[in-house]
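Participant: Protein sequences appear in the order of chains L and F. Residue numbering for the first sequence follows this note's numbering, starting at 1 and increasing by one per position. Residue numbering for the second sequence follows this note's numbering, starting at 1 and increasing by one per position.
Because the hints were derived from the structure by calculation, they are not lab data. Please note: incorrect hints may appear among the correct ones.
Stated by the list, open to error - Reference excerpt, derived from the structure (chain F facing chain L, CB under 10 Å, subset only): (1) Asn376; (2) Ala380; (3) Asp583; (4) Asn598.
Think of the CB as a built atom: it goes at the ideal place given N, C-alpha and C, for glycine as much as any other residue.
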Amino acid sequence: MKKLQIILLASVIALVSCKKDNYDAPSAGLSGKFIDEATNEQVQMDIIRGTRIEFIEHGYENPQSQFMVLKNDGSYANTLMFANAYTIKISEPNFIPIAPQDIEIKGQTTLDFKVTPYIRVKDASIVKNGNKIVATFKLQQNVINNVQKIGLYAHADSRVGETMRLVASEQNLNAVTDPNHVYTLEIDLPSNSGQLKPGNNYHFRIGALIGIGGSKPNYAPAVKLGV
Amino acid sequence: MKLTHYKYIILAAALSATGCSKVLDLQPTDKLTADAIFGDPAGVKVYMANLYYQLPIEDFAFFRGGFNQNGGDPNNGGFSAAMGTDEAVHTEFGDFIGDGDFHWWDQGYKLIRDVNLLIDYIPSLKIRDDEKAALTGESAFIKAFAYYALAKRYGGVSLMKKSQVYTGDAEALKVPRSTEKETWDYVMEQCDIAINNLGTAKSRRASKWTAYALKARAALHAASIAKFGNRITLDGDAVAQKLVGVDAGAANGYYKAAADAAKAIIDGGGYSLFRPSPATPAEAAENYRTLFQSPNDAASSEAIMIKGFTLPGANQGHNYDIWYQPAQVANGWPHPGRMNPTLDLVDQYESYTTPGQASPVNTRVDGNVTDYNGFNSGTAYRQFDNPNEIFKDKDARLWGTTILPGTVWKNTNIVIQAGYVKPDGNAVIRTKDQITIAGTTYHTYGAADVTMYSGFDTYGGNNTRSGFSFKKFMNQNNPIVPGWNQSTTDWLEFRYAEVLLIYAEAVAESGQGDAALAAKCINDLRKRAGHTTTIALTAENVQRERRVELAFENKRIWDLIRRREFHTEFNNRFLHTLLPLQDLRALPAKKYIFVRVNTPNTNPKTFQTKSYYRYIPGVGSNGLVQNPQY
Numbered sequence: 001m002k003k004l005q006i007i008l009l010a011s012v013i014a015l016v017s018c019k020k021d022n023y024d025a026p027s028a029g030l031s032g033k034f035i036d037e038a039t040n041e042q043v044q045m046d047i048i049r050g051t052r053i054e055f056i057e058h059g060y061e062n063p064q065s066q067f068m069v070l071k072n073d074g075s076y077a078n079t080l081m082f083a084n085a086y087t088i089k090i091s092e093p094n095f096i097p098i099a100p101q102d103i104e105i106k107g108q109t110t111l112d113f114k115v116t117p118y119i120r121v122k123d124a125s126i127v128k129n130g131n132k133i134v135a136t137f138k139l140q141q142n143v144i145n146n147v148q149k150i151g152l153y154a155h156a157d158s159r160v161g162e163t164m165r166l167v168a169s170e171q172n173l174n175a176v177t178d179p180n181h182v183y184t185l186e187i188d189l190p191s192n193s194g195q196l197k198p199g200n201n202y203h204f205r206i207g208a209l210i211g212i213g214g215s216k217p218n219y220a221p222a223v224k225l226g227v
Numbered sequence: 001m002k003l004t005h006y007k008y009i010i011l012a013a014a015l016s017a018t019g020c021s022k023v024l025d026l027q028p029t030d031k032l033t034a035d036a037i038f039g040d041p042a043g044v045k046v047y048m049a050n051l052y053y054q055l056p057i058e059d060f061a062f063f064r065g066g067f068n069q070n071g072g073d074p075n076n077g078g079f080s081a082a083m084g085t086d087e088a089v090h091t092e093f094g095d096f097i098g099d100g101d102f103h104w105w106d107q108g109y110k111l112i113r114d115v116n117l118l119i120d121y122i123p124s125l126k127i128r129d130d131e132k133a134a135l136t137g138e139s140a141f142i143k144a145f146a147y148y149a150l151a152k153r154y155g156g157v158s159l160m161k162k163s164q165v166y167t168g169d170a171e172a173l174k175v176p177r178s179t180e181k182e183t184w185d186y187v188m189e190q191c192d193i194a195i196n197n198l199g200t201a202k203s204r205r206a207s208k209w210t211a212y213a214l215k216a217r218a219a220l221h222a223a224s225i226a227k228f229g230n231r232i233t234l235d236g237d238a239v240a241q242k243l244v245g246v247d248a249g250a251a252n253g254y255y256k257a258a259a260d261a262a263k264a265i266i267d268g269g270g271y272s273l274f275r276p277s278p279a280t281p282a283e284a285a286e287n288y289r290t291l292f293q294s295p296n297d298a299a300s301s302e303a304i305m306i307k308g309f310t311l312p313g314a315n316q317g318h319n320y321d322i323w324y325q326p327a328q329v330a331n332g333w334p335h336p337g338r339m340n341p342t343l344d345l346v347d348q349y350e351s352y353t354t355p356g357q358a359s360p361v362n363t364r365v366d367g368n369v370t371d372y373n374g375f376n377s378g379t380a381y382r383q384f385d386n387p388n389e390i391f392k393d394k395d396a397r398l399w400g401t402t403i404l405p406g407t408v409w410k411n412t413n414i415v416i417q418a419g420y421v422k423p424d425g426n427a428v429i430r431t432k433d434q435i436t437i438a439g440t441t442y443h444t445y446g447a448a449d450v451t452m453y454s455g456f457d458t459y460g461g462n463n464t465r466s467g468f469s470f471k472k473f474m475n476q477n478n479p480i481v482p483g484w485n486q487s488t489t490d491w492l493e494f495r496y497a498e499v500l501l502i503y504a505e506a507v508a509e510s511g512q513g514d515a516a517l518a519a520k521c522i523n524d525l526r527k528r529a530g531h532t533t534t535i536a537l538t539a540e541n542v543q544r545e546r547r548v549e550l551a552f553e554n555k556r557i558w559d560l561i562r563r564r565e566f567h568t569e570f571n572n573r574f575l576h577t578l579l580p581l582q583d584l585r586a587l588p589a590k591k592y593i594f595v596r597v598n599t600p601n602t603n604p605k606t607f608q609t610k611s612y613y614r615y616i617p618g619v620g621s622n623g624l625v626q627n628p629q630y
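Excised from the complex, chain F in its bound form (with noise of 0.2 Å):
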């Protein structure tokens, strides 16, 4: 025993002895270093992939816990952020917008240091200039969505216009916020780097026209801050420093920018919208759903750059069909269902009799559309012959956005229905019942089994409440695979409509630019959407139109937000419902009424002003200005 010990004893000396030579400097074999990789254009591919893994892009796997929520454990609810907006509401969850959602912060600044140390080798590479010029552009497109994000969240954020080096002083490593405007300023700045670096070749990677069109939405964003910035009132130190906040004089400026990125688009880019004369309405909505369930189609036309999800598993596919689908489709998925659009969306559409004004759903008599207190025996009611009649000439966008009521989806009807009214004038709402009359049983929810419905009833928080289900983005192909990441449906990040839809604001809202142009920019969208009249160009029509033919896009969250309207348009709302009830009064036709009611077992929403900005994460380390009422 005694031996063994002496025996480590020599062996701690002999150690010791040797540690001090350089036997153990080895380079790591499971790292590779920065000359590897940029050295070989095949590397600066891999890290580019990378890189385009990271951008900020709000697509099918965005939602409030941040990008990319399609690995490890997606299990979030299928709460999207049209959830937070008027455009949709969850079966289950009555949340709103908190504090700890829709940040970018740490991968935000990883993404840019990323960039920033491929920005510092690409003098140094062994590659053609223009293929130098390409890597310089698409690299200033990278840092520019980044900070487009970073801005958009924070306000005025920390310009690491460099990357950093480490030399053993941490305090060196601090950036203090830049202002706001600096900030999109300094978009901008990245922005005219990559438009005049890139080529015009389309391909899933970014060109000339991504940077525009990125350019674009940026300006707008700005433009909108400082022009909508009075409409609140927030005070600190961050508002002293005007790291949030832009100056109203500078509107102007963004709008003029916002409108010639998007002018050189419509001008040289050669891009058209997705089949934009359609012979009726339902050729209209068939069209406007293909383009987002097949984005590929709209390569030629109106696709400017396509995120694709190419395989299904972790970190690849996405859960919009699974989430979303109408419960009778599952297919054995559990969790169907969830995205329930609002009657306050629907009724923003147009109705082809009506052109240019939002139609609200008309369900009485008197045309009322503003009582919310729910079905009355006394008050007379519409009556429809079938439930869907009462949508027959709204936009075709509508029917390409949301699955309505008794309409046919995989070749199943879909029955949304909410109760009945009995023929002695009670009705039945929101509660599983049957009653038998003349020989024939009829059912609260149109139909004698929970696989046989997709509205209304509670169970498994799997039928919409709102009256309304979806349809936008999904796969009409196949059956649902009841798994996780199992969709591969392509995300549309930029197209053609967008930039139609910023160069109409950017004139409509600043006056500048071409105001014929920008009317035929919103006409020629609602001509693709089988309006046969134009409208004309005003603020209200634009957003309209921008609401409607971008909904669930992720983009109504920050026209919110950009335009400081969600604290006006929030403040202790209810989002609505449009319950279908067939009417037994009226036996034996057969005949549906509806009834206009506050969204059930929901509370009132309200934004407050400070979530304008979202915190500053760590200010206790970095030591930067936290934005107001944090």
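Just chain L, with the same shape it has in the complex (with noise of 0.2 Å):
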């Protein structure tokens, strides 16, 4: 009998001694889009290994960085946050830099970028013809730059891009483009039949980088075709 008083009492010591726990769980949140400021579109990305926002909470000594990635469709969103101040920089994008911004974040808060892509992919169309998938295109380059390389990729998932593929046609251009010239590239289908089996619905994206260190692709609207 006098064990089990025991136990009740450091039982009910436990249970008072510390609060459940001495943060409330996250309940802020950023979120929103990168936009072209010319067409007004969102700005085509990778998932992986793509263009991330990189984000530092201010309050605290030698703070990481903390990263978010961006989904295909150039939108983003991180539904845990803490309320606090933060800056907001872009890590290894597809398009003009921006400059790093502050900003409060303080319960869903919404934040977009206007943004110039380095590349516009434009005219784009990727068809089935005969045995092969064949991608046209123009190239709108906003910077001087050379345009290094142009790729077709194909996956089975819809987030396909130069870093998620099966098979990738590709071209290096290393050159500044002609807007006017239609670009062409093509997959053979039998000779990559291991990978595009046949009778399966498959994802083709055009990508075009820009020979900029650190730079990531960009890309025209994903498209799904059969082979």
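Hints in hand, dock the two standalone chains.
Facilitator: Structure, rendered in structure tokens:
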């Protein structure tokens, strides 16, 4: 009986001795879009190894950077952040870099970025032509650097891109492009039958990479085709 | 009862009354003071043994989790550094290089503190001057080794040139990072101290020659980072402050340092290649295999520094034999066969018929070696009489490094077969099946039972999925002891072949030095491998030679990093497998065909440029600048 009393006493002490947690759970968040300021379209991105948003929370000594990734369609959302002031930077963009900005995040905050993509992939068309997937497009570049390479990428997942592909048909340009030139890239289906299995649907996407170190490719939206 | 309480009060009073006296200020009896250790040469020797144990030697106990992974729980699946490169795949894991892999930070600074303490004490030791010089040299060697291991992981790091003393102010102990160039220069400086103080006697401890070898290796790394730095772009504070990256202008200086250090060994070290002139390729293959099974046989020729694994048991033996020998010889061990050399590596080996170039395994009549779409009944494949005839003219080192299908290992015919092509032209591949034709039963995996083959069946993750099993370093003399840390093969940390390759690379990349000698360096290695022709000194020839000569010695991962080739070599890359199939269309003749495919059940691998440097741990408290993109 006495033992039981001691156990009870100990548990009561243990329960009241500290609060359930020191901090409230994160309740704020940040979301938004990357919008091409000329066309008002969302800027296409890579979901893996693509452009990232770096955010640094204020009020700490030696704060570590945290990162969020962007969706392929150029939108982003992190709905579990602590309400606080943050510095927002964009790391490895596929658009002309923008200055870091400070923002007060309170509740679910929206922040859109108006940007100029390095390259716009225009008049994009991807069709199946016989045994080939054929992509045609024009490039409009918004900086004077060379376009390093262009590519047509294929994957079973809709988030296809340079970083996520089963098959790629790439061409190194290393030149400044003519906005009126029509580029053509092809994927031969029989010679890639191990990856693009006949009868299945795959997603195809055209990309173009500017020759600026640390930049990421620009894209046209992905297209789904049966092969 | 009440009396008891009084007793306690009196006891407490007595304790507090006597608590201020020094009766409790005893010297701990379970710890030695610095004077007690360093005052006695035998104590120094014990201390030195501990420092050597901590050296970042990438040996049989080195895995992505760090060094000395042979105590505690050594079960890491046998995922070796080679599996983070194009040398091998694991039978089961598809992992690549993660942010948390290959770190050496806390342990690195622990070793540096330990060696700095010794350096502080050397002047006051009561030993002869030549003994002091030897200790000074050895300490500098250890320090150079430690900073080399830190620099190749983290770039520029905090240089603790002296041991620190804590005086109550933690801030005073924080040392900011030096630039990457300053860090490499400090490694060079420490190597020079070692070279100038160490003797030439050969043992398992550092000598003048091991110090030269370390300097050559480190200088080549620094030179490559300088020369090939423009292959990547990193940005951020660490780049702006030059904490990562070395200016291209420094490349030739480091290449010269590497070449000079290598040449000092070539000219004065008295080293030579182990069994340099074999009569046949078969003899060359056996010589090469023996070198790694018994490094001590090369103690008077090729071995510059051997790390011993002397005793079976925790923190002593290692696990290479249990993880990597083929399934058929597992001897009761449940997890063999993990090291699967890739077709990508096998392709690199020269053929004696076409010297001077990589010789991809040609499986088809049309010579196409880039089609990885799998077996096609309409394709004309070359037919062979046995499962290894296709490798007949390949470099002896392929035969000494890998176990090829249908070759003998430990008196056992190692069966590696992926399937068969039925007489009707349909293939059964990587599926357990059998077919009886004219009274004979054929099995897809080449034998009826899982104990009788070593390839492609996913059973237990024990069978190779690349088509090749592993031979280099494996102990052929004894059956596997099915338990942890039972292997005692010694590790060759520095060998003369690497020195020759460093000299050749430094000359080929920088144009400095003796080009004829550099060409001789790679051709001597080729001669030892059974080649009878010589090839020219080109950067490409040196790299191919390096890949095949040093395969699986944990060099490739750093070669890809220092030459900034990792992100281009691994951009959505599949590694490749060679499927040996029995072609039953040829019956009654026994014929084999081979099909080149992407390694089954794997995903493409991509190396991110940020991974050229590891992240700096603990920047929140140590206040150091973080590496880019972490």
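Participant: Taking the hints in turn, state whether each one holds.
Facilitator: We went through each hint and held it up to the structure:
1. Asn376: Status holds, d = 9 Å.
2. Ala380: violated, 16 Å
3. Asp583: violated, 20 Å
4. Asn598: Holds: closest Cβ of chain L sits about 7 Å from Asn598/F, inside 10 Å.
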